[in-house]
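Number of protein chains: 2
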Amino acid sequence: MTAAAGGAASAAAATAELARGVLAGQPRPIGRAISEVERDSGAVPDILRLLFARTGRARILGITGPPGAGKSTLVQRLAQAYRKRGVRVGIVAVDPSSPFTGGAILGDRIRMSEIYTDPGIFIRSMATRGALGGLARATSDAVDVLDAAGFEVILVETVGVGQDEVDIVRAADTIAVVLVPGQGDDIQAIKAGILEIADVFIVNKADREGADRAVAELSMMLDVSEPKAWRPPIVKTSAPSGGGVADAVAALERHGEYLRESGDGPARRMLRARTRLLSLLSDRFRRAVEARALAPDGLEEAVQSVLGRHEDPYSAAERLYVAVVGAPGERERVS
Amino acid sequence: MTAAAGGAASAAAATAELARGVLAGQPRPIGRAISEVERDSGAVPDILRLLFARTGRARILGITGPPGAGKSTLVQRLAQAYRKRGVRVGIVAVDPSSPFTGGAILGDRIRMSEIYTDPGIFIRSMATRGALGGLARATSDAVDVLDAAGFEVILVETVGVGQDEVDIVRAADTIAVVLVPGQGDDIQAIKAGILEIADVFIVNKADREGADRAVAELSMMLDVSEPKAWRPPIVKTSAPSGGGVADAVAALERHGEYLRESGDGPARRMLRARTRLLSLLSDRFRRAVEARALAPDGLEEAVQSVLGRHEDPYSAAERLYVAVVGAPGERERVS
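If you're matching them up, the sequences are chains V and C in order.
With the working numbering applied, the first sequence has no gaps in its numbers, which climb one by one up to 341 at the end.
With the working numbering applied, the second sequence has no gaps in its numbers, which climb one by one up to 341 at the end.
Everything labelled a hint here was simulated from the structure, so no lab data went into it.
Warning: the hint list may mix true and false statements.
Claimed, not checked - The calculated SDA-like cross-link candidates involving lysine to any residue, where the alpha carbons are at most 25 Å apart (straight line), are: (1) Lys242(V) with Leu224(V); (2) Lys242(V) with Val93(V); (3) Lys90(C) with Asp46(C); (4) Lys242(V) with Gly188(C); (5) Lys242(C) with Asp213(V); (6) Lys242(V) with Gly74(C); (7) Lys242(C) with Gly74(V).
What the hints assert, rightly or not - Partial list, derived from the structure: chain V residues whose beta carbon lies under 10 Å from chain C: (8) Arg60; (9) Ser247; (10) Arg315.
All of these numbers come straight from a predicted model, not from anything done at the bench.
Quick reminder that beta carbons are idealized off the backbone N, C-alpha and C, glycines included.
Sequences and hints are given; from them, build the entire structure.
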């Protein structure tokens with residue numbers, strides 16, 4: 007055996023051991039597997055290959071909403087409520103608003119919290135590394151790790167109301183959008199954007215002035231929007247005291263029943279698998295462009311050509327595409 | 007000439023006329039070109055090809071920040087300040103928080119405003135169609151249209167603090183991050199994320215309590231962060247009254263001088279061209295996967311295989327990739 011082959015064999019053995027640890031529900035291998043996922047290491051495809059057959063059992067809940075809505079505390083309370091039912095809970099807190107700083111903020115806040123000592127709860131925060139679509143991929147992979155490890159409910163928490171957060175919480179079966187009373191003028195814009203992804207609305211900090219008005223406004227908005235088979239319920243909570251949390255869990259679970267009964271659940275999972283596949287395919291192509299398929303400096307030459315206005319970006323992209331994949335005619339001959 | 011060839015010829019003639027109108031600075035062709043860009047029509051590559059040689063002259067300013075920071079009013083005031091200098095101003099207001107509803111909110115608000123009647127200002131709002139990375143592409147293309155049309159300053163306004171907004175405002179030479187005093191607990195998380203993209207901080211609604219504290223906090227954060235050649239200045243504004251707007255313009259222009267003098271400007275434009283090319287390449291590949299390169303039902307078969315846990319997503323993506331591009335060995339033989 008060559009040294010290189012020996013190294014590859016021992017790496018494969020290490021990955022297999024890691025996967026066994028995850029499947030046995032051991033916290034350290036779970037944490038290490040998610041770290042691999044977070045930094046998109048070369049071991050991720052093998053890890054997922056070894057775990058994937060054991061996924062698909064967990065109920066995945068997405069919790070999103072604008073900054074300041076008190077999501078972290080609410081997620082704690084939800085996790086505690088599920089724990090009381092004897093359910094093991096995994097939490098992935100994703101922070102797309104920290105594209106550069108490694109986003110330890112959420113993690114630290116959660117780490118200090120009271121649920122951190124419960125062995126039936128596994129908490130992990132992740133922050134984007136600035137890679138396009140990278141955080142949605144990492145979230146799906148981390149959910150798979152927790153699912154394979156036997157967590158029965160997985161909470162995916164994300165801060166914000168942009169397309170990213172939408173992509174991230176789409177990994178969930180049921181999506182709760184958390185709002186607070188009186189967040190200013192742009193709340194209308196926020197609501198318009200998240201109206202369609204919410205399966206449940208949670209008006210948190212419900213002891214604040216304006217909570218009932220927020221509920222009424224949401225309700226009116228649902229009244230005027232296109233009617234769907236599932237009308238998102240609106241629940242009021244006050245996370246620090248735990249008020250309303252049981253109602254929130256009940257609403258989340260009612261939506262779970264709806265998914266099972268209506269056929270909407272399988273349709274969602276299919277769309278999700280499709281999006282995930284296409285996204286992995288794009289990543290794969292991008293790596294090929296950057297690492298292998300182009301002539302040396304081909305990309306940099308194209309960048310210079312665009313910068314000098316000798317070529318527009320669309321023409322340059324088409325030229326590079328043909329260089330990687332071959333012209334359409336050529337393709338047909340190859341396959 | 008066949009009917010199809012005749013149709014193609016007249017489409018090409020229409021595109022050429024549209025491009026001529028844009029280059030002549032006519033509002034209707036400009037608006038129509040941006041509409042094509044917004045819906046990613048088949049004419050976009052031709053439009054950009056015809057316009058691109060005339061781009062690269064505008065100064066592009068990105069304005070971002072959390073909802074409720076008063077960005078729209080501030081953008082109006084900035085546009086008016088530049089108009090007083092005799093500069094033609096283009097505005098692209100991008101709303102990634104409305105992934106589904108077409109996001110007319112920003113547009114409507116701006117349309118009602120006092121600057122809408124000034125022929126030296128062109129305003130356009132855009133909302134994502136839910137396409138991954140689509141809004142950053144559309145924004146770059148719209149900026150090119152306005153640039154080719156002769157607008158000397160282009161303001162790109164976007165709501166939010168996630169990775170999307172970062173991708174969108176990256177189309178700008180200079181990025182201003184707008185904050186307001188007292189936006190709650192998660193302001194720390196927001197600040198951490200946007201610290202690295204801000205070239206200028208604007209604390210808006212500076213008449214509110216806590217404005218000086220917000221400035222002091224930002225300043226402290228800059229003190230403890232890694233020192234860079236350009237330290238983002240912090241400016242206080244009160245957009246409705248126009249207070250501080252001259253200072254904001256001065257800060258934006260100082261950064262413009264810095265870009266010209268330091269070589270940071272060309273480096274930024276190069277990174278931007280590179281990101282844009284890679285993104286267009288990915289889009290091109292994705293279209294090939296969906297429309298042409300896979301065997302009929304190849305993608306759907308793979309989705310089903312993943313859903314049934316017969317295959318993990320990474321293995322399925324690799325298999326599809328080889329089906330589109332060919333195996334690595336095969337590629338080398340083709341080229």
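Practice problem: List in ascending order the numbers of the hints, as given earlier, that are violated by the structure. | Solution: Those not satisfied are hints 3, 5, 9.
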